[in-house]
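There are 4 protein chains.
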Amino acid sequence: MSKPRLGVAMIGYAFMGRVHAHAWRSVNRFFDLPAEVDLAVLCGRDEAAAKQAAATLGWTETVTDWRDLLTRDDIDVIDICTPGSSHAEIAIAALEAGKHVLCEKPLANTVAEAEAMTAAADAARERGVRSMVGFNYRRVPALAFARQLIEEGRLGTIRHVRAHYLQDWIVDPDFPLVWRLQKEVAGSGALGDIGAHIADLAQFLLDDHITDVSALLETFVKERPLAGESSGLSASADGATTGEVTVDDAALFLARFGGGAVGTFEATRFATGRKNAMGIEINGAKGSLVFDFECMNELWFHDHTLDAAEAGSRRILVTEDTHPYVAAWWPPGHVLGYEHTFTHEIRDFVEAIATGTDPRPSFADGLQVQRVLDAVEASAAEQRWRAVQR
Amino acid sequence: MSKPRLGVAMIGYAFMGRVHAHAWRSVNRFFDLPAEVDLAVLCGRDEAAAKQAAATLGWTETVTDWRDLLTRDDIDVIDICTPGSSHAEIAIAALEAGKHVLCEKPLANTVAEAEAMTAAADAARERGVRSMVGFNYRRVPALAFARQLIEEGRLGTIRHVRAHYLQDWIVDPDFPLVWRLQKEVAGSGALGDIGAHIADLAQFLLDDHITDVSALLETFVKERPLAGESSGLSASADGATTGEVTVDDAALFLARFGGGAVGTFEATRFATGRKNAMGIEINGAKGSLVFDFECMNELWFHDHTLDAAEAGSRRILVTEDTHPYVAAWWPPGHVLGYEHTFTHEIRDFVEAIATGTDPRPSFADGLQVQRVLDAVEASAAEQRWRAVQR
Amino acid sequence: MSKPRLGVAMIGYAFMGRVHAHAWRSVNRFFDLPAEVDLAVLCGRDEAAAKQAAATLGWTETVTDWRDLLTRDDIDVIDICTPGSSHAEIAIAALEAGKHVLCEKPLANTVAEAEAMTAAADAARERGVRSMVGFNYRRVPALAFARQLIEEGRLGTIRHVRAHYLQDWIVDPDFPLVWRLQKEVAGSGALGDIGAHIADLAQFLLDDHITDVSALLETFVKERPLAGESSGLSASADGATTGEVTVDDAALFLARFGGGAVGTFEATRFATGRKNAMGIEINGAKGSLVFDFECMNELWFHDHTLDAAEAGSRRILVTEDTHPYVAAWWPPGHVLGYEHTFTHEIRDFVEAIATGTDPRPSFADGLQVQRVLDAVEASAAEQRWRAVQR
Amino acid sequence: MSKPRLGVAMIGYAFMGRVHAHAWRSVNRFFDLPAEVDLAVLCGRDEAAAKQAAATLGWTETVTDWRDLLTRDDIDVIDICTPGSSHAEIAIAALEAGKHVLCEKPLANTVAEAEAMTAAADAARERGVRSMVGFNYRRVPALAFARQLIEEGRLGTIRHVRAHYLQDWIVDPDFPLVWRLQKEVAGSGALGDIGAHIADLAQFLLDDHITDVSALLETFVKERPLAGESSGLSASADGATTGEVTVDDAALFLARFGGGAVGTFEATRFATGRKNAMGIEINGAKGSLVFDFECMNELWFHDHTLDAAEAGSRRILVTEDTHPYVAAWWPPGHVLGYEHTFTHEIRDFVEAIATGTDPRPSFADGLQVQRVLDAVEASAAEQRWRAVQR
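The listed protein sequences derive, respectively, from chains A, B, C and D.
No gaps in the numbering here: position 382 of the first sequence is 589 in this note's numbering, and each next residue is one more.
No gaps in the numbering here: position 193 of the second sequence is 400 in this note's numbering, and each next residue is one more.
No gaps in the numbering here: position 269 of the third sequence is 476 in this note's numbering, and each next residue is one more.
No gaps in the numbering here: position 195 of the fourth sequence is 402 in this note's numbering, and each next residue is one more.
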């Protein structure tokens, strides 16, 4: 009851803001943490809209300029839920102001920005200021458990990764030109939005780095109607005017890892019928894992050390209280959903702040992903294999 | 901001209390409702434990005697999350005191209690007091959508229902004698705890009544160690003393419906490897549906009016914003979990209260389920088909 | 090359005859057996049709009266592929004439017939004459392997069986009144045709007997057009005349086994969208199995002795050469089909004849199934539990 | 009965020879064809072994030198089931001798050989001599049906292909150095053996050509014990001596198609737990298809023209008699297996010969696949995108 208070300000309140707000609101209700979160300030440029969002999402007050947060003593944490183009400026200023920073992915739109952010995070760490990038899928219990199995050597030497992130929300050529389809705001298309997730996830699970890539980027629909209203991943067109799509619709790449594994990666918004199909399959000398986010409570594990007549990929329902994060929730078989990954992420972030440790994924982890994306873009442009910068 | 306040008191704070609390806390954050919920009072007999629970779950104050809630003007709703043996007394008193009542399932432990509760609900309705029983699975989006498809006639005349609710939490004969295994508290075993859900669900989906049953009840493990600590569905034994299991481990029954369909029902806590596998398959002259709660975001629909060469059971990911309840949450493919069913239930309950309509499932619906369970027990005892009382 | 010749005569050449012929023709090509099969005679009442069938299916000659086979020295085996109403007469005569008999299931249309056949088989056994009933699903490699796992105790004490055999070929009320829908020829409907399979299979897998049943039989469509041409499970109507359906469309029953297990069984021709979905799930104290014939190369095995965090139902692809029957075929992952079950059945039958051992399922096994079906019919008629005759 | 006889000679009797023999033996039993196949001669260099194989597989006589077949009037067809290194010499000689040729895949080990074979096939065609390459997976009913759906425009413009062929038979580093791991015999490793299948399949399904590739080849285990006995895909080592693996263990490539689609392809023998997992997923603007050979009787079809709330990928059980090839076999739901694909292939080949038409896949189709494989090898060596030769 007398836990230290952690004052949080969140910038942005669209899709990511809504799910972050739910996580901040819920985290102390389910996890016994050394600090009590206070949903203090919601920041948005449009004052009326921000006030409406704060009322709906449960934040105490609002500000319209994020700079106003930097000098407030009641704000300990800044949670950045804005598009990628604004991440660097906000995160660096916040870290320099001594605020712990949770930054949505991708860390930045360019390697240069990500490098500056990582330098700022390194400097801030010296002063006890924590930073983390929001690759939430690391906190799917099934994937956190997958990491454990690999760490314990249950898969042996890893040979293959095949990862995909398949969506279909812009298959219709009349879907409008929302900000996610504009390079100057979004940085890239499927590559940075969803490809970043599987690049991070594969490197996290293998505890290894992608060293080389060969890639292909494709924009299937090159002109779209200009956008009217949009929210989340849905939007309506505002009429006859069209504009150029300046990002990729799909990004495919082959990869080599430092440890000798090879992989295929595919991120697309044109996989008709696939809504949020983030999947990964990993083959090692001693076993294999398969995961698909559309069935996020399941992890498939093939144990190759069993007798061949009995071996098979087993569907582990990752809802036992011995599985990562699960003991906080419901009895076995009472499945979790998308938003839980954020509650878990914020649980770990709060604990790291309270215990003075560095949370992962760090900004350096985010930078590494950015360098992979950068190599992918270069490879696609040059039509040849490219090494990932280290 | 100026919405009318709805003061809520919740009795009980174990498994059901935790998930109800989360739903009460979240409902206004996701749904635009005509009233704003206030988590006012948590009621529990053990004062210290209740205070701890209130702090964790986010309730403002606590009381130790539910009777104290009846005369408080700041309490509009009483939410009963206690074992079945106490439902009738609390619910009837609350309704008579003019409190809207949400009562966890099963409605009661006996038909007589359920009848008295239904009479009280009918009388209260005349005074604008609402009541609802907590068959939360009706609010799984996939099942609410299944109901729509059947209502629209997409399945044609229904021929077959096969429903099961499979768990395995007491397979180990050393699992202790918790309250759910004692007839005087729980009323029955798998039958009332989980069989009630599938009896309600089948009748809800078909909009029909089970008229006749033939049943089998079995207690595989007849003696168990006495229980020490327990929470949710897990528990530890306290030593060498054992006691008699007085409820069924498994309940199986055949059923006939008023509209001519036939069905198999199975509820068990001995389906090794099944954690919370509530599933139903419905075959009609024009199509079929399949649902399994372990994949709760999916509904399988076979449309038999398609050409045979093209027909097949299709996996509908029930995460589109045109599906029931889904628009409040995330984009397509961002899956929901167990607790959402309660948020949906409470959303509908709050809306019914605010708009002066009667929510379903009503106490009468709960009574009908109780009558089915009663016929099942009688049939098993008499070893013959039994009609369900109407 | 100098293996003893085994002369075979097959009676009937419709669906079952076609698949038996393929098995007789293939068995020596894949299995190294102590006898070489000779497809000597095909027997059919319509001489022209029989000759045509013999040419197509690869039989050397034809006869029109099965009695002519009894005295021929070149015929060692009689394979009965006719409707159930003729089984008893042919099988008894053949056994008395010293011919080994393979009889399609169900063994007979009545218990009395099955008893007489079993007596004839017992008498013939004394003279070294072998008999077998054609429950081919015992020879699905996945199910033969399931039997091995249960025999080794991998499932522990069996608690639950849930078995179904779901088809949909007569959902259309205009599908005509073929022989399978006429009691005087077929004996019963879904019950004997497909329910017999799952009754046999469950008893085979558990090595146990069903002792008591409670049942429901239903005929959803009571009048149908008279049939014109038919083959296999398809047919066309011949016009406006209709006739009464005198068999069940669906048979559902609960069962108790001698060893304490309980089960649900369902056989239906009205499970819209299910073509040949013979499935069984078995739960034991130490593990569980799931099988579905539509994925006949897979067996799902949950090993409950593993740590809960790692346990899950595993999909064993039953195509390893250490699996029953599989070494004769292709490398792992090169899947088998329906007809292989018959080739395996005939492999075992030929081997039993050549080595002078008694093959299973015996006529006594077939009689036991017939007694279960008989108890099901009696239970449904009397609306109460019935013991199965022993 | 008086159908023209088609005399067949088969060269080779290992894995492919066994399955071809079964297909030749069965094809007239199930399909009504204008010619009757005669299994005349089996050719193998080891006379005793060939005689044994002929007896087992059902061939009338044997020869030890395939050249002896060329001048025999009783041989109409030569079926080449030997390793790739011998294909060109045999096929060209056979075609020049006026024999119809069925050649197992890959067509050859080099583009030059494949070009010479295609030229020979073109010349022979002028003389009414037919040739075909054995990409048997085109004759999986589900894939033949997939081709129909795409041809009818049901998928709209194709955007994505993701194809894989995953095996695990050499994961164990002690698995010996069989001929399939030696470049001089096999030509390449996973690439030619199984990658060839998915390259052909994708081009067949899309009716399009792969124009550009970027690839990666990997040999995970570079030294292996020398091989003793081997059969099919299993083998034993003969002791301590090791040799170099001179082929790829895994081949991964990105591809662009002439029509604008992009694809990922992966062939590997190191996908632990995957036995013969040949799978393909195709996304088009109007729909998608998914296929996995381990469930070869199923095709998943997502029809994107349906209302989003109802759309989903449907599991079509491709066992209806309106599906390609299926009417010859069993009722719906009675599933087919691996060997049926060869019976279908030979059915089409016999019909083409008898009716004087050209069967597909032609040698030109095989050459196109060889050119893709060649570009893959060049791309991997040069580490850049390569155009496929036309």
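It should be emphasised that the hints constitute simulated quantities derived from the structure, not laboratory data.
Where is the CB? At the ideal position from N, CA and C, for every residue including glycine.
Check before you lean on any hint, since a few could be wrong.
If you anchor each label on the Cβ, the simulated ranges turn out as follows [unchecked claim]:
no.	chain 1	residue 1	chain 2	residue 2	range
1	B	513	D	254	54 to 60 Å
2	C	243	D	379	51 to 57 Å
3	A	513	D	534	50 to 56 Å
4	A	243	B	252	23 to 29 Å
5	B	267	C	512	54 to 60 Å
6	D	319	C	514	45 to 51 Å
7	C	515	A	210	48 to 54 Å
8	C	594	B	414	35 to 41 Å
9	D	466	A	597	50 to 56 Å
10	D	319	A	597	50 to 56 Å
11	B	534	D	590	45 to 51 Å
Hint check:
1. Taking the beta carbon of each, residue 513 of chain B and residue 254 of chain D are about 57 Å apart, inside 54 to 60 Å as hinted.
2. The hinted range of 51 to 57 Å is not satisfied by residue 243 of chain C and residue 379 of chain D, whose Cβ atoms lie roughly 38 Å apart.
3. Separation of residue 513 of chain A from residue 534 of chain D is about 41 Å and departs from the stated range, judged on CB atoms against 50 to 56 Å.
4. Look at residue 243 of chain A against residue 252 of chain B: about 27 Å separates their beta carbons, and that is inside 23 to 29 Å.
5. A C-beta distance of roughly 48 Å is found between residue 267 of chain B and residue 512 of chain C, which places it outside the suggested range of 54 to 60 Å.
6. At roughly 57 Å, the beta carbons of residue 319 of chain D and residue 514 of chain C sit outside the given window of 45 to 51 Å.
7. Look at residue 515 of chain C against residue 210 of chain A: about 32 Å separates their beta carbons, and that is not inside 48 to 54 Å.
8. The supplied range of 35 to 41 Å is met by residue 594 of chain C and residue 414 of chain B, whose beta-carbon atoms lie about 38 Å from each other.
9. Under the hint 50 to 56 Å, the C-beta atoms of residue 466 of chain D and residue 597 of chain A, about 39 Å apart, miss the expected range.
10. Between residue 319 of chain D and residue 597 of chain A the beta carbons are some 42 Å apart, a value that contradicts the proposed interval 50 to 56 Å.
11. At about 49 Å, the CB distance of residue 534 of chain B to residue 590 of chain D agrees with the hint of 45 to 51 Å.
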